[in-house]
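The task is simple: from the sequences and hints, build the whole structure.
2 protein chains.
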Amino acid sequence: MRTEVIAVGTELLLGQIANTNAQWISQRMAELGLPVYSHAVVGDNLDRVAGSFREAARRSDIIIVTGGLGPTEDDLTRDAGSMILGKPVHEHAPSMERIEAYYKKNNKTMSLNNRKQSHVFDGAFVLDNKEGMAPGQIIQQGEVTWVFLPGVPREMKALMESGVIPFLQRSFSLQSEIVSEMLHFIGIGESDLETQLQALISHQTNPTLAPLASEGEVGLRLTATGETTDEAKAKIAEMKRVVLDKVGDFYYGSDDETIESTVQRLLSRHGYRLGAAESFTGGKFIERMISLPGASAVCQGGLTTYTAEMKEQVLDIPKYLIREYGTISHECAEMMALNTQSLLHVDAAVSFTGVAGPDSSEGKEPGTVFIGLQIRDKSPEVHRFQFQGGRDQVRERAVKKGFELLFHHLKD
Amino acid sequence: MRTEVIAVGTELLLGQIANTNAQWISQRMAELGLPVYSHAVVGDNLDRVAGSFREAARRSDIIIVTGGLGPTEDDLTRDAGSMILGKPVHEHAPSMERIEAYYKKNNKTMSLNNRKQSHVFDGAFVLDNKEGMAPGQIIQQGEVTWVFLPGVPREMKALMESGVIPFLQRSFSLQSEIVSEMLHFIGIGESDLETQLQALISHQTNPTLAPLASEGEVGLRLTATGETTDEAKAKIAEMKRVVLDKVGDFYYGSDDETIESTVQRLLSRHGYRLGAAESFTGGKFIERMISLPGASAVCQGGLTTYTAEMKEQVLDIPKYLIREYGTISHECAEMMALNTQSLLHVDAAVSFTGVAGPDSSEGKEPGTVFIGLQIRDKSPEVHRFQFQGGRDQVRERAVKKGFELLFHHLKD
Numbered sequence: 001m002r003t004e005v006i007a008v009g010t011e012l013l014l015g016q017i018a019n020t021n022a023q024w025i026s027q028r029m030a031e032l033g034l035p036v037y038s039h040a041v042v043g044d045n046l047d048r049v050a051g052s053f054r055e056a057a058r059r060s061d062i063i064i065v066t067g068g069l070g071p072t073e074d075d076l077t078r079d080a081g082s083m084i085l086g087k088p089v090h091e092h093a094p095s096m097e098r099i100e101a102y103y104k105k106n107n108k109t110m111s112l113n114n115r116k117q118s119h120v121f122d123g124a125f126v127l128d129n130k131e132g133m134a135p136g137q138i139i140q141q142g143e144v145t146w147v148f149l150p151g152v153p154r155e156m157k158a159l160m161e162s163g164v165i166p167f168l169q170r171s172f173s174l175q176s177e178i179v180s181e182m183l184h185f186i187g188i189g190e191s192d193l194e195t196q197l198q199a200l201i202s203h204q205t206n207p208t209l210a211p212l213a214s215e216g217e218v219g220l221r222l223t224a225t226g227e228t229t230d231e232a233k234a235k236i237a238e239m240k241r242v243v244l245d246k247v248g249d250f251y252y253g254s255d256d257e258t259i260e261s262t263v264q265r266l267l268s269r270h271g272y273r274l275g276a277a278e279s280f281t282g283g284k285f286i287e288r289m290i291s292l293p294g295a296s297a298v299c300q301g302g303l304t305t306y307t308a309e310m311k312e313q314v315l316d317i318p319k320y321l322i323r324e325y326g327t328i329s330h331e332c333a334e335m336m337a338l339n340t341q342s343l344l345h346v347d348a349a350v351s352f353t354g355v356a357g358p359d360s361s362e363g364k365e366p367g368t369v370f371i372g373l374q375i376r377d378k379s380p381e382v383h384r385f386q387f388q389g390g391r392d393q394v395r396e397r398a399v400k401k402g403f404e405l406l407f408h409h410l411k412d
Numbered sequence: 001m002r003t004e005v006i007a008v009g010t011e012l013l014l015g016q017i018a019n020t021n022a023q024w025i026s027q028r029m030a031e032l033g034l035p036v037y038s039h040a041v042v043g044d045n046l047d048r049v050a051g052s053f054r055e056a057a058r059r060s061d062i063i064i065v066t067g068g069l070g071p072t073e074d075d076l077t078r079d080a081g082s083m084i085l086g087k088p089v090h091e092h093a094p095s096m097e098r099i100e101a102y103y104k105k106n107n108k109t110m111s112l113n114n115r116k117q118s119h120v121f122d123g124a125f126v127l128d129n130k131e132g133m134a135p136g137q138i139i140q141q142g143e144v145t146w147v148f149l150p151g152v153p154r155e156m157k158a159l160m161e162s163g164v165i166p167f168l169q170r171s172f173s174l175q176s177e178i179v180s181e182m183l184h185f186i187g188i189g190e191s192d193l194e195t196q197l198q199a200l201i202s203h204q205t206n207p208t209l210a211p212l213a214s215e216g217e218v219g220l221r222l223t224a225t226g227e228t229t230d231e232a233k234a235k236i237a238e239m240k241r242v243v244l245d246k247v248g249d250f251y252y253g254s255d256d257e258t259i260e261s262t263v264q265r266l267l268s269r270h271g272y273r274l275g276a277a278e279s280f281t282g283g284k285f286i287e288r289m290i291s292l293p294g295a296s297a298v299c300q301g302g303l304t305t306y307t308a309e310m311k312e313q314v315l316d317i318p319k320y321l322i323r324e325y326g327t328i329s330h331e332c333a334e335m336m337a338l339n340t341q342s343l344l345h346v347d348a349a350v351s352f353t354g355v356a357g358p359d360s361s362e363g364k365e366p367g368t369v370f371i372g373l374q375i376r377d378k379s380p381e382v383h384r385f386q387f388q389g390g391r392d393q394v395r396e397r398a399v400k401k402g403f404e405l406l407f408h409h410l411k412d
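First to last, the protein sequences are chains A and B. For what it's worth, full-length UniProt numbering labels the leading residue of the first sequence as 1, then goes sequentially. For what it's worth, full-length UniProt numbering labels the leading residue of the second sequence as 1, then goes sequentially.
No lab work stands behind these hints: they were computed from the structure. You may find that some hints are simply not true.
Note that the list lumps identical chains together, so a pair holds whenever it fits in one copy or between two copies.
Straight line, CA to CA, 30 angstroms or less: simulated DSBU-like cross-link-like pairs of lysine-lysine [what the hints assert, rightly or not]:
#, residue 1, residue 2
1, K130, K235
2, K108, K157
3, K319, K364
4, K364, K108
5, K411, K240
6, K105, K401
7, K364, K240
8, K233, K319
9, K364, K105
10, K87, K378
11, K87, K130
12, K246, K108
13, K411, K246
14, K157, K364
15, K104, K364
16, K104, K319
17, K108, K401
Take a look at the structure:
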C-alpha cells in the first residue's frame with residue numbers, strides 16, 4: 001500500500017515556509033502502518049497541479065493532498081481535482097452555512113470567492129472542518145483513495161485525526177499493530193554502530209533496524225509489527241536485548257529521552273546537585289539542563305567565566321596558574337571544576353575551557369577543548385579533546401561531550 | 001527554466017525531520033531568478049530513487065538532489081545517479097585525502113564504506129566539501145543540469161553558496177541583476193508592519209517587499225532587478241529610505257546582522273563591556289553574545305543564578321530582600337543587575353528573573369518576567385512582562401526582549 005503526500009502552494013516553492021504538513025502526515029501514517037513513499041510539492045498552476053495528480057495516480061494507492069482549497073484565484077486544487085477525477089463540484093450546504101455564519105458573526109462581507117470554499121467533488125465523503133472554511137474530502141476512484149485537506153496545519157491535523165485516520169483504519173481494516181522504539185546512543189559514530197550491527201540491519205525484517213545520526217549521537221529505530229500490540233512489543237524487547245548485548249555501553253535511553261534528561265534523572269537518583277563553570281561554551285551546558293522542567297531540583301546554576309579576568313575574580317582561579325599554564329589548559333579546567341564545586345555548593349561540577357575559533361588562542365588551535373569533572377570527593381578529572389568544525393560546532397560538540405562524560409560517571 | 005529539488009532519505013518520509021533543505025534552496029533559487037517548480041522527497045530505495053530521477057529529467061532543466069551520499073548501505077544517490085546518467089563513478093582523490101586525514105587526525109578507523117563517500121560520477125564538476133565528507137557534483141547531461149549535494153544542511157548550504165550558485169550564474173548567464181536586502185525590525189509585530197506598509201507591499205513590483213515574521217522580530221525583504229547591479233542597488237536604497245521613514249524606529253540592521261551582532265557592534269562603539277545575571281533564562285542571553293566571534297572584546301561573562309541559594313551566595317542578593325519580595329520581583333531584578341555590574345566590573349549589566357512554567361512560582365503565573373538593566377552610572381531600570389507560550393517560548397521571548405531593551409539604550 002503506497003501513500004503519497006502532495007502539497008499545493010507556491011509559498012512552499014519560494015521557500016517562505018517548510019513543508020511541515022508532509023512531515024506531520026508522514027509520522028502519523030507511519031504509526032498507522034501505511035508508510036509514505038513520497039512527497040511532492042507543486043505550485044499554484046493548474047497544469048502543474050493536474051500533472052502532479054496524474055503522476056501520483058499512476059504510482060500511489062493513497063494520495064493525500066494538502067493546500068490549494070482557499071478562496072483566491074490561486075487556489076486550484078478543486079479545479080485540478082475535478083479534471084483528473086472527472087467529477088464536477090457542488091456546494092456543500094453545511095460548509096456553506098458555516099462560512100456564512102462566520103462572516104455574519106465577524107461583521108465581514110462575504111465575497112463570491114468565499115462560496116468556492118464550500119465546493120466539494122460529487123460523490124465525495126465530506127469531513128466537516130470545525131477549525132476553518134474548506135471541508136476535507138475523501139474520494140475512492142478505481143484503486144486509488146484520494147484525500148483533500150486544507151493547507152492550514154491546524155485544520156489539516158484536526159481533519160486527519162477526526163476523519164481521515166478513522167476512515168483509513170476502517171477501509172484498510174488495518175490488522176497488524178505497529179510498535180517502534182528509538183534507542184539513543186552516545187559516544188559511538190553512525191558507521192561504527194552500523195558495522196557492529198551490520199548483519200541485523202541488513203537481514204532483519206521484523207523488527208526492522210534503522211540508524212539515524214544526529215550531532216554527537218546516533219539513534220536506532222526498531223519497528224515491529226504483530227497481530228497484537230503485545231506481540232509487537234515483545235519483538236521489540238527481544239531485539240533491543242540483542243542490540244544492547246553488542247553496543248549497550250553507548251546506550252543511554254529511548255524515545256523522548258535525551259542525554260540531558262537522562263543526566264537529570266541520574267542526578268536525581270543519586271541526590272546530586274549540579275553546577276558548571278563555562279568559558280568558550282558560554283553557558284550552553286547549564287542552559288540545556290535548566291531548559292528541562294524540574295531542573296531546579298538538581299541544578300544549582302553556573303558561572304560563565306568568559307574572560308581571564310572573570311575567571312580570577314569570580315571563580316578564584318589564581319593569577320599564577322593562568323600566567324604559568326594559560327586559561328586553556330588541563331590545570332585551569334581542573335581548578336575551575338574544583339572551585340565551582342565549593343563556590344556553588346554542588347555535588348557534581350563540570351568545567352569547560354577551550355578555543356571555539358575561528359582564531360587560535362594562547363597558542364592552541366581552534367577545537368582544543370578541556371573538560372573538567374569534580375564529583376563529590378572523588379579525584380578531579382580532566383579530558384582533552386580536539387574537535388572539528390566551526391565555532392558553533394566546536395561549542396556544540398564540547399557541550400555534548402560534557403553530558404557524555406557526566407553520564408558515564410553517573411550511570412555506574 | 002524549470003528547477004526541481006529532490007530530497008533523498010527515508011527519515012523525511014517517516015516525518016523525523018522536515019524538508020528544510022528544499023525550503024532553503026528554493027529561497028536562494030528564487031533570489032537568483034531561477035524559481036523552483038517542484039519538490040520531491042523519495043526514500044532510500046534504489047528503484048524509487050532512480051524512478052524519481054527519471055521523472056525529474058523529463059520535466060525539469062535544473063535538478064538539485066540532496067542527501068543519500070553518506071557511507072551506509074542506505075545511501076543510494078550515487079547508485080541511482082549512475083544508472084540514470086549512464087555514468088560510472090570513480091574515487092575523487094582530493095576528497096579521499098580529506099576523508100583519510102579526518103580519520104587519522106581523530107584516531108578513528110576508517111571503514112571501507114567511508115571510501116564510498118569520495119566517489120564521483122565520471123565527467124562531473126566536483127565541488128570540494130570543506131564542511132564534511134562527500135563532495136558536491138554538477139553534471140550536464142543533454143539539456144539537463146544535475147546538481148548532487150549532501151543532505152547535512154550545513155554542508156549543502158556551503159556548497160550551494162561557494163559552488164553551485166556561481167556555476168548557475170555563469171552557465172545561464174543570468175542577465176538581469178538581482179539585488180536584495182533583508183531589513184530587520186524588532187519591537188513591532190508583523191501585522192502592524194504590514195498595516196503601515198500596506199500600499200507599498202500591495203503595489204510595488206520593483207523592488208518587491210515581502211514581510212517575514214520570526215520569533216520576536218519581523219524581516220522585510222526588498223528585492224530589485226536592474227540591468228546593472230548598481231541600478232538594482234539604487235532602487236533598493238531608495239525604497240529602504242521610504243520604508244525607514246515610516247517604521248525606522250524599529251529597524252536595527254540588514255541581512256546577516258542579528259539583534260545580537262547589532263548589540264555587540266553598539267557595545268564596541270561605546271567601549272562598553274557587558275555582563276548578565278540570569279535565572280529562568282539559564283544563561284541563554286549571555287550565551288548568545290558569546291556565540292559571536294569577537295565576543296571577548298565586549299562580553300565579560302555571566303552568572304546563571306538559578307536557585308535562590310545561588311542568588312544569595314554568588315550574587316550577594318540579601319536574604320531579607322528575597323524573603324520580603326521573592327526572587328521573581330522588581331526588587332530582585334534590580335539588585336541582580338546592580339550587583340552584576342559591580343561583581344563583574346562591567347559597564348552594562350542585564351538581569352533576568354521570572355517564571356518559565358509550566359507551574360506557577362512564588363504566586364506568579366508562568367510567563368511573568370522581570371528584566372533589569374544597569375548601564376554605567378545611570379539609574380537602574382526594571383521592566384515587567386507577561387509572555388505567552390510554553391517554557392521554551394517564554395525563555396526565548398525574554399532573551400529577545402533583553403536584547404531589544406539593550407539595543408534601544410545603546411543606539412541613542
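**Asked** Within a copy, between copies, both or neither: where do K411 and K246 come within 30 angstroms Cα-Cα?
**Response** The answer is within: 18 angstroms in one copy meets 30 angstroms, while 59 angstroms across copies does not.
**Asked** How would you label the pair K157, K364 (within, between, both, or neither) given a Cα cut-off of 30 angstroms?
**Response** between (44 angstroms within a copy, 29 angstroms between copies)
**Prompt:** When no copy is specified for K233 and K319, does a C-alpha distance of 30 angstroms or less occur within a copy, between copies, both, or neither?
**Reply:** Result: close neither inside a copy nor across copies, 59 angstroms intra and 53 angstroms inter.
**Request:** Pop the pair K104 and K319 into one bin, within, between, both or neither, using alpha-carbon distances up to 30 angstroms.
**Result:** neither (56 angstroms within a copy, 37 angstroms between copies)
**Asked** Given a CA cutoff of 30 angstroms, do K246 and K108 count as a within-copy pair, a between-copy pair, both, or neither?
**Response** The answer is between: 19 angstroms across copies meets 30 angstroms, while 58 angstroms in one copy does not.
**Prompt:** For K108 vs K157, is the C-alpha pair at or below 30 angstroms within one copy, between two copies, both, or neither?
**Reply:** So K108 and K157 pass the 30 angstroms test inside one copy only (27 angstroms; across, 45 angstroms).
**Prompt:** Is it within, between, both, or neither for K105 and K401, if the alpha carbons may be no more than 30 angstroms apart?
**Reply:** This pair counts as between: shortest inter-copy Cα distance 18 angstroms, intra-copy 43 angstroms.
**Request:** With 30 angstroms as the alpha-carbon cut-off, assign the pair K364 and K105 to within, between, both or neither.
**Result:** So K364 and K105 pass the 30 angstroms test across copies only (16 angstroms; inside, 53 angstroms).
**Request:** If the cutoff is 30 angstroms on CA atoms, where do K130 and K235 land: within, between, both or neither? Let me know, please.
**Result:** neither (36 angstroms within a copy, 43 angstroms between copies)
**Prompt:** When no copy is named, should K319 and K364 be tagged within, between, both, or neither for a Cα gap of at most 30 angstroms?
**Reply:** within (19 angstroms within a copy, 43 angstroms between copies)
**Prompt:** Between copies, within a copy, both or neither: which fits K364 and K108 at Cα up to 30 angstroms?
**Reply:** between (52 angstroms within a copy, 22 angstroms between copies)
**Prompt:** For K87 vs K130, is the C-alpha pair at or below 30 angstroms within one copy, between two copies, both, or neither?
**Reply:** within (25 angstroms within a copy, 54 angstroms between copies)
Taken one by one, the earlier hints fail for this structure at numbers 1, 7, 8, 10 and 16, listed in ascending order.
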